[in-house]
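Participant: Residues per chain, in single letters:
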Amino acid sequence: MGVTAVASSDSAASSQAEVTAEIEAIAGAYTEGAESQPRLDYPPYRSSLLRHPTKAPQQADPEGVELWAPVFGQLDVDDAEADLTAQHDGEPQGERMVVTGRVLDGDGRPVRRQLVEVWQANAAGRYIHERDQHPAPLDPHFTGMGRCLTDDDGVYRFTTIKPGPYPWRNHRNAWRPAHIHFSLFGTEFTQRMITQMYFPGDPLFPLDPIFQSVVDPAARSRLVATYDHDVTQPEWSTGYRWDIVLTGPHRTLLEVDTEAAE
Amino acid sequence: MSLTPTPGQTVGPFFGYALPFPHDDELVPPGTPGAVELRGRVLDGAGEPVPDAILELWQADGEGEVVQEQGSLRRAGPFTGFGRASTDADGHYAFTTVAPGAPFFAVTVFARGLLNRLFTRAYLPGARDAFLDGLDVDGRSTLLTRLDETGPVPGYVFDVRLQGEGETVFLTYPRHRP
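Here the protein sequences line up with chains A and B, keeping their order. So for the first sequence, this note's numbering puts the first residue at 1383; every next one is plus one. So for the second sequence, this note's numbering puts the first residue at 572; every next one is plus one.
This is chain A alone, in the form it adopts within the complex:
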């Protein structure tokens, strides 16, 4: 299906049924296992129409800075930034929760002492961002932005409140499933990644073109956290676990290759 076959990127004219039909047509033509990442060219997400490259990316051997990542540490991040419920004088509204997990590289090694950034809507589905026009209440006790450093096992941990779903203008009656944005660094810049974490069993999953832009079902499931009662704390908060895997590093491989050649 070409770009011209669908509505323009700023149109809210399509119905959910039309968008769902587009999503299902793409899924029906897909061979499972072929993809692990979202498609950049995914017409059901209208804003992608004019913003996806049309040429295949060029394969490059990483060089210089690409083989290293920026370093973040205690100078950059205060421990208190990991608690999104404690950034104001009062408690935010909503379901208090802990979200924790490990950041691993593509070889299964923990990404240690590296920056994780998160941002999210409040419990009512409203972002503090000025461009969010959803007529749901702002929460004076919730900004919705946090940072932490992973520990020596690659573990991150945030205390926050569960975000609400919210409407957007991709099409008529479009709603995003509840999610938390995650920004991640690895040990080299080729691993840089930004993604979204979702909650299990969300009824909006089949309707959402951003979630469904990951066409592979198994890959999509990697975006969904698991409820973990061992993370839940008595009389305090629910708990979710979500591990994140970055792409594999190249630098170590190069060293291995060098050793093998000697």
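Some clues are possibly wrong.
[Said to hold, decoys possible] Covered stretches of chain B (chain A as the covering partner; in silico rule of three or more C-beta atoms under 8 Å from a C-beta of chain A):
1. 593-599
2. 604-610
3. 636-645
4. 676-689
5. 718-725
6. 731-739
These aren't lab readings, by the way, just hints derived from the structure by calculation. Think of the CB as a built atom: it goes at the ideal place given N, C-alpha and C, for glycine as much as any other residue.
Put chain B on the given structure of chain A with help from the hints.
Facilitator: This is chain B only, laid out in the frame that chain A set:
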């Protein structure tokens, strides 16, 4: 052990209160002797500005060394080599930095409407390497910055065209998967 990477997702429209940080686009303080800008516009397939993109810059220092110093988020100490710049209403962005003692600046691009991050390189004018040599003339020209000395601060101009005529060459690496 080989693991399948977690999928990326769009940065969305609401990163503006989360990813930017004070002086994020100033890898060196403005007015530093030898400071230059890396600047340009982010444009969509219709040639329209993309006002809700954020670029990341990661570069070697002026001697070509890859710096491994913390402190990017609260700038006060040594040069870290890392920064972020959000586009304005006209799609313009600008970093204040130093020219790397290396052929290129590494750049990542995030935007609403862009379902995964894009990697590219902003090469210094006249740079040559095997990667550039492997591109056709049009592709190569999208990665070579142009020195603009007309403003108050000399700038390396690097426009990012997400789609269409003059589409920027974006990169993938051996360990990336579709």
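Participant: Going back to the hint list, which numbers does this structure go against?
Facilitator: Result: hints 1, 2 and 5 break, sorted rising.
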